[in-house]
Amino acid sequence: MDTFTSALPALASAWELILQPLVLGYLVLGVLMGLAVGVFPGLGGIAGLSLLLPFMFGMDPVLGLALMIGMVAVVPTSDTFASVLMGIPGSSASQATVLDGFPMAKNGEAARALSAAFASSLFGGLVGAAFLTVFILVARPIVLAFGLPEMLMITLFGLSMVAVLAGRMPLKGLAAAGLGIMIGTIGEADAGGNLRMATYDIPYLTDGLKLVIVGLGIFAIPEIVSLLRQDRSISREASLGAGWMTGVKDWASNIFLSMRCSIIGVVVGVIPGLGGSVVDWIAYGHSVQTTRDKSKFGKGEVRGVIGPESSNNAKEGGGLVPTLLFGIPGSGSMAIFIGAIALLGSGDIEVGPSMLKNNLDITYSIVWLLALANVVGTIVCIAASGGIAKLTTIRFTYLAPFLFMLISFAAFQSGQNFEDLLALCGIGLIGIFLRRFDWSRPAFLIGFVLSNPVEKFSNQAFQISSIRFRKSFGEGMEYLFSPIVIVLIIITVISVVLGIRQAKAIMAEGEMKSGSKRAPLVFLLLVSAYLLVAVIDASRIPNINMTDKIVPLVVGSFSLLCCLILLVKMIRAPEGDSIFADKELGGEDADASHSLWSTLAWFGLLVGLTAVVGFILALVVFLVAFLRVRADASWNKTLLLSVCGIAFMCLMAWALNRDFPPGLLQSYADLPWPLT
Amino acid sequence: MSLSSFRRCSLAALAVAASSVLPAVAHAEVDFSGKTIEWVIPFSETGGSAKWANFFAPLLSEAMPGNPTVVVKFMPGAGSTKGANWFQKQKHKDGTLLFGSSGSTQFPYLLDDPRVRYEYKDWIQIMATGTGGVAYLNAEDGAKFDGTANNLKDTDFIYGSQGATRLDLVPLLAWKMLGMKVEPVFGIKGRGDGRLMFERGEATIDYQTSSAYLKGSMPLVEEGKAVPMMAFGSVDKDGNIVRDPTFPDMPSFKEVCEATDGCETSGDAWEAWKAFFIAGFSAQKIAHMPGDTPQDVVDTYVDAFNQIAARDDFVKISSNALGKYPLNTGKLAQAEMASAVSVPASAKEFVKNWLQEDYGVSLK
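Protein chains in written order, with our numbering: chain Y, 1 to 676; chain X, 1 to 364.
It should be emphasised that the hints constitute simulated quantities derived from the structure, not laboratory data. Keep in mind that a hint or two might mislead.
[Said to hold, decoys possible] Only part of the chain X face toward chain Y is listed, based on derived beta-carbon distances under 7 Å:
1. Glu45
2. Arg200
3. Leu214
4. Gly216
[As the list claims (entries may be wrong)] A few chain Y residues facing chain X, derived, Cβ under 7 Å:
5. Ile46
6. Glu150
7. Gly352
8. Pro353
9. Thr393
10. Gly576
11. Trp654
12. Asn657
13. Pro672
Remember, it's a predicted structure, so these values are computed and weren't measured experimentally. Note that beta-carbon positions come from the ideal geometry of N, C-alpha and C, so glycine has one too.
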């Protein structure tokens, strides 16, 4: 009770700290900078915060916090623009938003999708803050109750969303998720350091693939390529029918869904170690399961936007709990945030267990600055959404080269290796074929995202429980099957059963034609071959490092089994069966005016040229050639657009203090920035 | 550089040194006005080295002649060997390149990791900072600790670890030498996660670097949930392990080892532990410049860091970022680095064998 009586005065003094014109001014400044950075896919809060760091030294703590929080808070809001309008997941927080947001944009409802998303974000942010105000006082014992078995169960619960998103052929969905997990295990194992499907001769692979690259490759590249082939605008309608008011109304009529998803966001965000990567998928799965008419999911269902967007801003609030109470950052941007707090003022705010005792007013200021930043950010975004939505009416061929430019830059920033671009191409190809043959892309991505947590938590929980079992059977059981674990098991089972029943109604890739056996069969064989090689590779790890081989062995064999059953089914099924779904046979892709390979070759050209002359010079050639040849633009238009594009790229990189991928030329000649 | 020239200076001594040296080399100063110094860190924006460099960057900018802009650049990958390999290839241009290595860069070098293509001895050290570490037990087992590990040898301990070839090598080897059975649970993402695992009761033994111990683990000790076992110690000017000045009341690992049956403070195991302790803790973070950097440029940087260390408020502002350990510059930093990377071949072999036998780790 003691904590609660001290909470009210602290809350009051927090508001006193916040409600000063200068503090609010810094908050708005932070928000505007955050919006500018967040629109850039793949950079997010980390880039923005790094930019602010030099100014934090000795700054007044509340002002510094206002600036930083303003910036961090709006990234999950502003990255919605890229997800909805372009189908590019701006950050891991907005991957699920792509599923229904982008189809809505294609239906000419971009403004509606955006404003529904922003309204949900705002609400999520506020619910998160309100929940935290009380929860933060009692959070410590609750957070400590989440041990490894509990975290493993939450991860498995996240994985069970695959059941909802598996698509018409559950087997394909399972195999896709398995492939995602296997791709996620590439590189040096966390536990024993053994290499899986990697070699020290290619150091790039030892680090594994980055989420940014896989997200862009799986969602953005297939969509960009597909739209580009059709040579039209993103929106099928020339006029943008439903406006932003409709979106807000959509949110209002789904307020309870928004509320539930916000709570999911805070709660999962609170648990350290999981980060936010699963939250939006759990929220999406929940939205699907609680919607009566599921037929519109994947084709532009507004509830599929409201759910994830409500959860992802609430999650930012939840993530503050491990950050502030335990000093354990829930995400990359939170890690920088902790570092920056140490620089503020005289450096006496110490993030960690003492935060509640000594700095409760600062803690509350942080929580409510976050909420306020959400309000400001949302208002700016909603105001801008109508105008920005017009992008979807532009002929896509004019947008595509700039999108290629943006995603290449974003991919490069994840690791600053040229290989990042190659990985993007490779994963992009996988994405294109998953889409073409109706293998669930969300299932693949969930598998990839959860690959590391599944492996880590199952190994660690196994290790600790076996030591407990050695002491006594009862102690082991008590550790593994705590009440929280049992509840989570029940929820997971219910979700899987419901999911399997409902999955058939959800066609994430829209209607598909089926045809001849050859192409789908070849793809299946390629996937099986990769899985087989990966399993053999894992089996060669010595047994003393069982932790490094068990997950790839089990998951790989299971996925391989799914592929084998699929193979048998394919051999038996007649041509034209839905198992042979192929986008090239009917619908948009079949009617496209350009072929897949010639379109991909343009992207290949950019990457290839970059390898030789570096990114900016390659971009000059690529933009001019693309706009002249593919878009058939006049010389004036071509030059104007190219100059604008390159100037924008350079400005962003310069402001964020980022480099461009160098090529062979740069290793021989010393060129001035930005050509380096 | 021999160990005898290896000295640890108190901040006060450094301040005196700095003020006496400054006028003497002032003529050699290189003007950096209008230039941008790039401080490359081979880790991501979120790690401890980022925090370290970000702390020094504005101070360095103030202290350098001409007040150049100092930007911290990140080049993560392959456990920091990617960035270090890159730095190895850099030549002196205009003296605006600084590289920050950490224990995680030193260890692969010492363990002959196949990815290592860099040679510490080619680089010029400008500045080095260190830290200490404290190992602690849970309350139940802590009651059995009497200054020796004799009563702890029959207990199965669980320890949340980032990996046997990381800084965790130092505590793991220490516990092994004490004859304790510590089973590491690998794959955690940072020492904070390890402490959380300890707080949840899943891990029963833990260690933290000094500042993290003071912030995160001391409250546990005060609540009676944890019992400190030992501080690893500190290296004196003759290269001996002595008590850590931050924890004068806590026995060093050397004291506990001497008091424990079967633990030797000589021989391969001890030499190996000491070498890895220096490389991972007492000379943990080092700022380097390319080997062909002219002496006047090096002197300018060394002076700048001396000035930083001599600031009146340095102890106060650095306590959060560095702890209470000294900042060594120039020759002292070079000596520290030399002792950090010169490990007797037999000690190296001992560590490699132990890693292979106990954890199945083989670097090839």
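Evaluated hints:
1. The interface hint given for X/Glu45 holds, since its Cβ lies 5 Å from the closest Cβ of chain Y, which is under the 7 Å cut-off.
2. Restraint check, X/Arg200 versus chain Y: the minimum CB separation of about 5 Å is within 7 Å; hint holds.
3. The interface hint given for X/Leu214 is violated, since its Cβ lies 9 Å from the closest Cβ of chain Y, which is over the 7 Å cut-off.
4. Here the hint on X/Gly216 is kept, as its CB sits about 5 Å from the closest CB of chain Y, short of 7 Å.
5. Here the hint on Y/Ile46 is kept, as its CB sits about 5 Å from the closest CB of chain X, short of 7 Å.
6. Checking Y/Glu150 against chain X: minimum C-beta separation of about 10 Å lies over 7 Å; hint violated.
7. Against a cut-off of 7 Å between C-beta atoms, the interface hint on Y/Gly352 holds, since the closest Cβ of chain X lies about 5 Å away.
8. About 5 Å separates the beta-carbon of Y/Pro353 from the nearest beta-carbon of chain X, less than 7 Å, and the hint is met.
9. Among the interface hints, the one on Y/Thr393 is violated; its C-beta lies about 38 Å from the nearest C-beta in chain X, farther than the 7 Å criterion.
10. Nearest Cβ of chain X to the Cβ of Y/Gly576: about 48 Å, over the 7 Å cut. The hint is violated.
11. Hint status for Y/Trp654 relative to chain X: violated, with the closest Cβ pair at about 12 Å, above 7 Å.
12. The closest approach between the C-beta of Y/Asn657 and any C-beta of chain X is roughly 6 Å, which is under the 7 Å cut-off, so the hint is satisfied.
13. The interface hint given for Y/Pro672 is broken, as the beta carbon of that residue sits about 13 Å from the closest beta carbon of chain X, more than 7 Å.
Hint violations for this structure: numbers 3, 6, 9, 10, 11, 13, all remaining hints satisfied.
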